Amino acid sequence: MRAVVLGATKGMGRALARLMAERGDALYLLGRDRDDLARSAADLQIRGAAGTVGFTHCDLLDRASFAPALDAAAAALSGLDAVVVTAALFAPQETLEQDGDLRDRMLAANFANTIAFCELARERLLAAGGAARLCVFSSVAGDRARKPVLLYGATKAGLSYYLTGLDHKFAAQGLKTILVKPGFVKTGMVAGLQPPPFAGEPEPVARAVLRAIDRGTPVVYAPGIWRWIMLVIRSLPRAVMRRIAF
Amino acid sequence: MTLIVNEPLNIPLAHESLSAAAPLDATEAAEPLSELAGWGHYPVVQGRERRSEDLERVTRGAVLTRGLGRSYGDSSLPPPGRHVVAGSPLADRLLAFDAATGVVRVEAGFALMNLNRLFFSRGWFTPVTPGTHYVTIGGMVAADVHGKNHHVAGCFGEHVRSVRMRVADGRIIECSDQHERELFRATLGGMGLTGHLLEIEFQMERIASPWIWQESEQVADFESALEALEEAGKQWPYTVLWSDLRAPGAKIGRGLLMKSRWAEPSEAPSAPPRWHRAPPMPFFLPSWALQPWMVTIGGALKFWMHGARRRTGIVHPETSFYPLDVLREWNRVYGRRGFTQYQAVLPGPHSHPRQRRFLETLRARGGNVFLCVIKDCGPEGKGMLSFPKPGVSYALDIPMDRNTQALVDALNDVVIAEGGRIYLAKDALTRAEHFRAMEPRLDAWNAVRRKWDPHGRLKSAQSIRLLGDRA
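Quick note, the sequences are listed as chains D and P, same order.
First residue of the first sequence? That's 739 in our numbering, and the numbers climb one at a time after it.
First residue of the second sequence? That's 19 in our numbering, and the numbers climb one at a time after it.
Just so you know, the hints here were simulated from the structure itself, not pulled from any lab data.
The structure displayed is predicted, hence computed values, not measured ones.
Among the hints, erroneous ones may be present.
Distance windows between CB atoms, simulated [claimed, not checked]:
id, chain 1, residue 1, chain 2, residue 2, range
1, D, A805, P, A118, 35 to 43 Å
2, D, R945, P, A307, 49 to 57 Å
3, D, P806, P, D116, 31 to 39 Å
4, D, F936, P, M299, 51 to 59 Å
5, P, A428, D, P933, 53 to 61 Å
6, D, F984, P, M299, 55 to 63 Å
7, P, P472, D, H795, 52 to 60 Å
8, P, A117, D, A805, 47 to 55 Å
9, D, D952, P, S242, 35 to 43 Å
10, P, P397, D, I963, 40 to 48 Å
11, P, K252, D, I963, 49 to 57 Å
12, D, F984, P, R199, 49 to 57 Å
13, P, P472, D, V957, 34 to 42 Å
14, P, A118, D, Q836, 52 to 60 Å
Here are some chain D residues the structure puts well away from chain P; computed CB gaps all over 10 Å [what the hints assert, rightly or not]:
id, residue
15, T747
16, K748
17, A780
18, I784
19, G792
20, F849
21, A866
22, A910
23, F922
24, G926
25, A929
26, G954
27, V957
28, L974
29, I982
30, F984
Here's a subset of chain D near chain P, in silico, CB distances under 8 Å, partners left out [to be verified]:
id, residue
31, R740
32, S778
33, D781
34, Q932
35, R945
Beta carbons are placed, not taken as given, at the ideal position from N, Cα and C, and that holds for glycine.
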């Protein structure tokens, strides 16, 4: 498989890219920090990625960087079988309420710009034909509005809505959209937060996601138990949601 | 204040606004604390481990970096009055590997388990491994770990070519035998107190096959066990003695001697060994669950079930090197009371009466030892404060109770009188004056530290308790 990954240097993206490298996939990395990308490329190369692991600059806050980055990836890999997006911004609700600038950037990066990136990826994957895959990390936070992740969850709700629609519209043309909804996973993103019960580790999550990419599963909850947790939370009445802190 | 990114984006991190010298504790107030302990679960402190893929960021201003927390005592704990330590395990990338020479460079949080998983099938192995693979390479340097092959391979530090580290004033320095040699040698076995390890470059060993050829045999008592261990070391690269200190009367110290080497390709199975993900011990057993009589019976069973005949054959490298890793978090078996591992080396020869004196002290004190592992130590290496010296090393697992402190004190008296020393990575109970008496090297090591850290910024709970640092 020839895959381009936006967000492979950290967390779940790092774990997923490693699994792909270790089974011999060809990879191309997109991200902001060139040094960091070079280090991840070396890591994936040593782990067994096919060919040379290339990388280039791509910043979710800079839309102009999207098309050139995707084109560079397609050129380096001689085509694309999969585009994976794990990058996003996160900050606690209180921080986002207080810092308007940061809030604007988070809203732009996680919603509008991620969708802009996916649109460019979709065009290229469809044009290439074949069994193209677009795998994007949303979050269980988008399944039901909850107090501690209200603003973050809103961007993820919008993103999930969009990805579901992509599946409806383009599945018939061969584009497999994989919407990933991680629960609480112990990555650097949430370091400093107290892990709740059922918190997951990046590697098992990455395994589940890779299986879904291979099979073309439209929606993945990871760890899987979060499917049932969210089923319960979605069914809670408003009066309860107003009271609980969760 | 916490803004956390999952992919590097152009947003300044709150931490980055701190100057290099500002203590991390300036931001401590906002963070919830939790229990922090070493592998022995004694002592336990309130603290927080700050982990990030970006180790350079989280080590800025930090007092100490913690890896996977496999040191037994207080080596990885913050000093009194401080709460936050940096955590390395998310900084776990392979940075370079030369398939021709076996030189590898990794970020400090890279786990030995992953090194093994990735390189076994390619014919490379770490030249020195401790008894667990749930350790970071950074931790292996900081403790300058040794293994069953110390008598031939020395400590891990002998195979380290260079390290990249953040020193106390915030600078990042690459050091080796060629560059800043003094700092390099103080860092091998320096318990992370000379600087924060960021990257390590070391030489791996070519192995003939990914399987182990092992011979094991019963040894009848303490003296014949030590004799057999010494003899085995002349021929075998890996030797270790499991010793039953709960056996009755003159049989005390009987045990099983394990000798092993890498199997030749002609002996080894054609398929490479499979690495299993071990199941975790899901909770702490009650402290009373593991009783001494169970260990006594278990030890006798282990001895008798082996049988009097010598056993030979191919074993899985995991079984050979990491027998306890089959159950992750096995330390919870001891319960919340915790346990300590007391490890000391006594100078050779193996037949010297001092070895018996150590055993008799243990017996006279009613030493409640649940596991005793005896190994050969070879010559001292580069590390200024590394543990091994030529002789016999004893590692004793002892559940914590009200007698443990007195037992450790009594054993330390013997160790001092006989010219031995203890292993910092295991220690939780040694007294500062005892350590000073057994470590004439301490002043020279501290002098190097003071040169690089004149204000005493880097410290741990252990360095305050034992090494003369001020809180």
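So, going through the hints one by one against the coordinates:
no., hint, in the structure
1, D:A805 x P:A118: 35 to 43 Å, "41 Å, holds"
2, D:R945 x P:A307: 49 to 57 Å, "34 Å, violated"
3, D:P806 x P:D116: 31 to 39 Å, "34 Å, holds"
4, D:F936 x P:M299: 51 to 59 Å, "19 Å, violated"
5, P:A428 x D:P933: 53 to 61 Å, "42 Å, violated"
6, D:F984 x P:M299: 55 to 63 Å, "29 Å, violated"
7, P:P472 x D:H795: 52 to 60 Å, "41 Å, violated"
8, P:A117 x D:A805: 47 to 55 Å, "37 Å, violated"
9, D:D952 x P:S242: 35 to 43 Å, "58 Å, violated"
10, P:P397 x D:I963: 40 to 48 Å, "53 Å, violated"
11, P:K252 x D:I963: 49 to 57 Å, "55 Å, holds"
12, D:F984 x P:R199: 49 to 57 Å, "55 Å, holds"
13, P:P472 x D:V957: 34 to 42 Å, "58 Å, violated"
14, P:A118 x D:Q836: 52 to 60 Å, "55 Å, holds"
15, T747, "7 Å, violated"
16, K748, "5 Å, violated"
17, A780, "5 Å, violated"
18, I784, "4 Å, violated"
19, G792, "17 Å, holds"
20, F849, "14 Å, holds"
21, A866, "25 Å, holds"
22, A910, "32 Å, holds"
23, F922, "13 Å, holds"
24, G926, "5 Å, violated"
25, A929, "5 Å, violated"
26, G954, "25 Å, holds"
27, V957, "20 Å, holds"
28, L974, "26 Å, holds"
29, I982, "19 Å, holds"
30, F984, "16 Å, holds"
31, R740, "21 Å, violated"
32, S778, "6 Å, holds"
33, D781, "4 Å, holds"
34, Q932, "6 Å, holds"
35, R945, "11 Å, violated"
Hints 2, 4, 5, 6, 7, 8, 9, 10, 13, 15, 16, 17, 18, 24, 25, 31, 35, counting from the list given before, are not met by this structure.
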